[in-house]
Amino acid sequence: MKYLEILLFASTVAIFVFYVLLQAFYCLLLLASFYGAWAQSRLKKLYLPQQLVQSPVTPPISILVPAHNEEATIRESVQALLGLNYPRFEVIVINDGSTDGTLAELIQSFSLRRAEIVYHPLLPTQPIRGIYVSLLEPRLTVIDKVGGGKSDALNAGINLSNSPWVCSLDADSILEEDALLRGIRPAIEDQRVAATCGIVRVANGCRVAAGRVLRVALPRSRLVVLQVVEYLRGFLGGRLGWSWLNGLVIISGAFGIFRTDVLRTIGGYSRETVGEDMEIVFRIHRHFRQIREPYRVVFVPDPVCWTQVPSDFSTLRRQRRRWQRGLAEVLAKHRSLFFRPAMGVVGCLAFPYFVLEFLAPVMEISGFILVPVAWALGLLDWNYTLLYLVLAFLLGVLFALWAVVIEEFTYRRYTSWRDLFRLLFFALFEHLGYHQMVLWWRLEGILDYFRKKRGWGEQVRSGFRHPAPVGQPR
Amino acid sequence: MPWVSRASAGRVTTRNLLLVLASLNLVVLAGVFLRRLLKQELFALRDAYRLRCAAMVEESLQQGKPSTRKLPLPTGWHREAAEEVLLARWGMGTPPQRQVLAALFEQWGLLAWRRARLRHWGASEPARSALILARLGRTEALPELLRLLEVAPRNTRVAIVNAIEMMGEPAAVDALISFYAKRGINHVRPVLSALIRCASQHPVRLRPHLKHPEAHVRRIVAAALAEVATEDETDCLLLAASDPDPEVRAKAARALGRTNNPQALDSLKALGRDPTWYVRLQAVGGLASSRQPGTAEPIWEAARDRHWRVRQRAVAALCESSSDPAGLLKRMREEVKDRYALAALLSLYERKGTVWNAIGQLHAPQPELRETSQGLIREMLRSGALSSVLYALEAHPDPDVRREIVRLIAECSPSLAGLPLANLLASSHLDQQTRQEVQALLTRLGEGS
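Same order as they appear, the protein sequences are chains A and B.
At position 226 of the first sequence the residue is numbered 226 (our numbering), and the sequence of numbers has no breaks.
At position 187 of the second sequence the residue is numbered 187 (our numbering), and the sequence of numbers has no breaks.
Don't read these hints as lab results, they were simulated from the structure.
List of simulated lysine-lysine pairs, DSSO-like, C-alpha gap at most 30 angstroms:
#: 1; chain 1: A; residue 1: 45; chain 2: B; residue 2: 39
#: 2; chain 1: B; residue 1: 70; chain 2: A; residue 2: 45
#: 3; chain 1: B; residue 1: 182; chain 2: A; residue 2: 45
#: 4; chain 1: B; residue 1: 182; chain 2: A; residue 2: 44
#: 5; chain 1: B; residue 1: 39; chain 2: A; residue 2: 44
Simulated DEER-style distance windows between Cβ atoms:
#: 6; chain 1: B; residue 1: 23; chain 2: A; residue 2: 122; range: 56 to 62 angstroms
#: 7; chain 1: A; residue 1: 453; chain 2: B; residue 2: 442; range: 44 to 50 angstroms
#: 8; chain 1: B; residue 1: 97; chain 2: A; residue 2: 220; range: 45 to 51 angstroms
#: 9; chain 1: B; residue 1: 51; chain 2: A; residue 2: 341; range: 57 to 63 angstroms
#: 10; chain 1: B; residue 1: 109; chain 2: A; residue 2: 293; range: 46 to 52 angstroms
#: 11; chain 1: A; residue 1: 119; chain 2: B; residue 2: 331; range: 19 to 25 angstroms
#: 12; chain 1: A; residue 1: 192; chain 2: B; residue 2: 23; range: 38 to 44 angstroms
#: 13; chain 1: B; residue 1: 185; chain 2: A; residue 2: 6; range: 56 to 62 angstroms
#: 14; chain 1: A; residue 1: 261; chain 2: B; residue 2: 412; range: 35 to 41 angstroms
#: 15; chain 1: A; residue 1: 210; chain 2: B; residue 2: 371; range: 40 to 46 angstroms
#: 16; chain 1: B; residue 1: 47; chain 2: A; residue 2: 192; range: 39 to 45 angstroms
Glycine included, each C-beta is placed from N, C-alpha and C at the ideal position.
Let the sequences and hints guide you as you build the complete structure.
Here is the structure:
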């Protein structure tokens, strides 16, 4: 009995220390994001998009759109991209071994024809089957290649790009008209910037036409609104804070802008992980620290990329398992950075934070198991436990509310009172049920990692034109 | 349970913390609602005020002179609202309308207010004022802006540089370079853009700075000259062409091309043999933009360069200057004998639509057009560039064109080697007639080989 008591005590202390550390990180991010949002809202008034459009120094950008079975969305996405407000850009769509009619849809919609285009195989990729140019739109190029995953497709796009900057996108994402201009602005203003990214917002529920978001609104689906709160917390609470601390280690795969030469020097996207968006940022940090060159990786909250999030449990579960597996793969690959002073904020703060994030499902679910065990053994002080649980809940609510506060005080995309009520309501109750469900899926993701599961799994798109009914698989 | 009793000691602290957190959450919740309510009320008030301003602005524009009616502007909030209306109208105004709007700015005291705000204690307000004054073209505020440039905090410096750029005053060149030398090293692009704008009419202002002791300053000056240099800058650029810093040499090469001065030709040729690849790259660009005789041969030489980017640029320059695509392709194949240069040329033809046009004109009624197109396709087949030609066999809508392609393939390919015609036969897009022709060709070529 005594040994069991000691074991329980040790576990409780471990969970408590873990919890305190994680909450300390959250508090730090909360303060940093608050300052970051305040500074951004001041600087927003100093931005003149027209000046950037006319400037001779605004760099050309290649927009890379990896597409795998995106027949439903690809035409609209490409049309919207071609309508972006940016002086010099090209769109490179990479058809990554699609088995549906993605390529045929592109050929038909944009009068594509196969062409002899010079291609530099600087980064290794799966074989290229053909390169197509458009008779209607000279800024559009399509690479048709054997399937090799998103990283492989992006590497093929980098090989074909002739621009000093590349923007990686998801094929089903919608960029706002000024998003490229706003996204590249930090890089134009500061020579040290190696990569930038914008905010990814949830498009479910919004009115979309011709690849543009016309009216922003929350969807009916409660599952999606909970994800809206999560996204707001992740971007406005997390990335904004990390960016201000110069420790940003994730640039979302849905929208990121990178220096092409840096991507080529570090060997492009890794094809061994599903967390390629995080992995590449770690390598960028590592590269610049090694060559001892000043650099910055920046998050800018006003260029907006709209994306569809899963509206059913099974797709969401697959996504979260994949994300957790990706996190595990990246942390394992870059474990040498852990608490390495030479890596600065990335090694000493960001990496340990993500280790805690990785461990969160294990620790929290252990807590859920330990409480009944301790209760059964009569070891539990109910008053204290209740206080502790309420405290954890209130802190969780505070962090979720904080993101909504930043949104409301700065960008205010959800203009109706109804949406504001719903956002706050779901921010209040996110920690009752949804959070635990996601934790479980993340735990499954950890198990997937140890089982050495590979690949992205099946993904189904319906397009913005025909949104699937709530609760139906997309 | 010793650990339970120890833990209970902290219960009071936890309870207090809990109360604080609960209150904080409530305050945050209430704050969000209150803010939304206030904002809506303020927005409504502001909109009403803006409408009043807009009515006065429209009245003034219709009269062609500022309205004599008085507009009360008691607070900064009112001034900002009025300013927003005027600026929105300024953006779409004609020059006479802008005169009226400028007069309204003065009459409402907004100009004086903005100039006073240049000395505001905050970081963003002076920068914002600088941008607004620059947008209105108030060049008399330039000395104040240049002073701000020296003292502005890091996050608003770029806005001040942008404001100076908008003014485009040549007098700002020295101050911009001095700022860049001391504090602006990370802001290369905004400073360069401002230098180009300010020196566009007076590039002479940049000349003395090409002798600056700091290499990074010489680089930005040379880069600006590459966009604005005239023939008068040739001498100083010739000196810069022998600068120890390769980036300065590279920019000087580009600028020398712009001057279009015959004296620059020898220097450009020498830069075309520079050990640094990007100097050679810019030298090719300079040679291409220089409209002097005798530039073709050094560019052909560059098409054989050891660096692929230089070869690519040389090919682009040759493509721009040539009116005979087939002839250029032939010479490239026979003389340069470099697969990359050949691929780069074909790539350019493809992107310009030359190849697809030629394919479309293979069966044109005009014999001259037909022969030119056939010449290009023949050269492509001889160069091994089959992708688009074979694709046309599958996808071109005109059967006569497809037949012509089969004929040209038969003419240019003495054997089956390197021809993926068998793969083509597997395509489901191939029509019956073309399939038969391709099969006949395969048989014929098979016999030949």
